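On the provided structure of chain A, position chain B as indicated by the hints.
Protein chains in written order, with my numbering: chain A, 1197 to 1302; chain B, 17 to 253.
Take these hints with a grain of salt, some might be off.
Coverage of chain B stretches by chain A, computed from C-beta distances (three or more under 8 angstroms per stretch; other residues unrestricted) [unchecked claim]: (1) 17-26; (2) 177-183.
With a Cα cut of at most 20 angstroms, we get these calculated PhoX-like pairs of lysine-lysine [stated by the list, open to error]: (3) B:Lys107 - A:Lys1229; (4) B:Lys27 - B:Lys135; (5) B:Lys194 - B:Lys243; (6) A:Lys1229 - B:Lys243; (7) B:Lys135 - B:Lys107.
It is worth saying that the hints were derived from the structure and are not from the lab.
None of the values given here were measured: they were computed from a predicted structure.
Note that the Cβ used here is the ideal one computed from N, Cα and C, for glycine as well.
Chain residues, written in single-letter form:
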Amino acid sequence: MDSLKLIAYTLVMAAVTYLIRMLPLVVFRKKIKSRFIRSFLYYIPYAVLAAMTIPAIFTSTANVYSAIAGLTVALVAAFFERSLITVAISSCVTVLIFETILKTVF
Amino acid sequence: MQKYSYLQGFKDGISIGLGYLSVSFTFGMLATSSGIPVWIAVFISMSNLTSAGQFAGLSLMLSGGSFFEMAITQLVINMRYALMSVSLSQKLDKSVTLLHRFAISFFNTDEIFAVSSGKDGEVGTRYMYGLVTAPFIGWTLGTLFGAALNSFLPESIRSCLGIAIYAMFIAIVIPPAKKQKAVALVAAISVVLSCAFSYLPLLKTVSSGFVIIICSVVAATVGAIIKPIEIEDKEES
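Next comes chain A alone, as it looks inside the complex:
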């Protein structure tokens, strides 16, 4: 991939992210009163992460079956409130085992 283009992407990302963090800290002195805006901002991260995960997760591995297996394990581990890294690793290992089995059997 073209390094210059990657750097340009990175600078756009960094500039936007910095402005979002910097402007309120420099400009705002009072607390946001609007309950609606505060609620909206509260829900945003969950909405973003959910939309990014499904359905993209189904094409994140070698085949859709191993992805479903990995998704299931991640959901169960997350339900029992394991740490981020534990959920990630158990999901990865599940995919690895599943794909190895699929390869040996078929």
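Chain B alone, transformed into the frame defined by chain A:
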């Protein structure tokens, strides 16, 4: 006189830094396994210092999204930082001059915000710079290790790592969704919409960056209307 020292801040930041190590390790691996050079992966981490934004940015880079999409996606994903910065601005003491505000705001991640707002009273420059030190180093080193190590890993391992980031997203969403029905509802609406945008004929043509924006803005708006959060305004002076 500042209430907290640099060292106190540094100590509070160590556990954040350790946590970042593993997340950025995954980012580094994912970046290089998708063909991004090691040094650019590290550059992304050092200049952005944000997890979800970097992962989303990476996928946009790979799908060849426009710079405008990139900017809007980062804006939507990282909009929450604006609120945190507003809140943090009330927490800083007089030692934090305008110049320091320009510097400190760069490091305002979810965790750094959470820890600093948990301190009693106001925090000053020393504490803030101490607090951000370990997380910044952890985030950078983790990315470097993950990116550099990736080329030594066999293909089967690299392919299964593709699911790691999504598993982490799930680990972030599920616990609060268990406790608050509104969070579960917001996530569900967002998922249904994003599936519609991937599978339905006309909607399929909308590019992935905008899909995330549309889904999350609609879902979060529904959440804010149906179940506004409680505002715990401890007496403000």
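A quick look at each hint next to the structure:
Beta-carbon proximity to chain A at under 8 angstroms applies to 0 residues in the stretch 17-26 of chain B; the threshold of 3 is not reached and the given coverage is violated. With 7 residues carrying a beta carbon less than 8 angstroms from a beta carbon of chain A, the stretch 177-183 of chain B meets the three-residue requirement, and the given coverage holds. The hinted pair formed by Lys107 of chain B and Lys1229 of chain A meets the criterion: a straight-line CA distance of about 17 angstroms does not exceed 20 angstroms. For the hint pairing Lys27 of chain B with Lys135 of chain B, the CA-to-CA distance comes to about 13 angstroms; that is within 20 angstroms, so the pair holds.
A hinted pair counts as satisfied when its Cα atoms are at most 20 angstroms apart, and Lys194 of chain B with Lys243 of chain B qualifies at roughly 15 angstroms. For the given pair, Lys1229 of chain A sits about 17 angstroms from Lys243 of chain B by alpha-carbon distance, which is consistent with the 20 angstroms threshold. At roughly 9 angstroms between alpha-carbon atoms, Lys135 of chain B and Lys107 of chain B fall within 20 angstroms of each other, so this suggested pair holds.
Violated hints amount to a single one, hint 1; each of the other numbered hints is respected by the structure.
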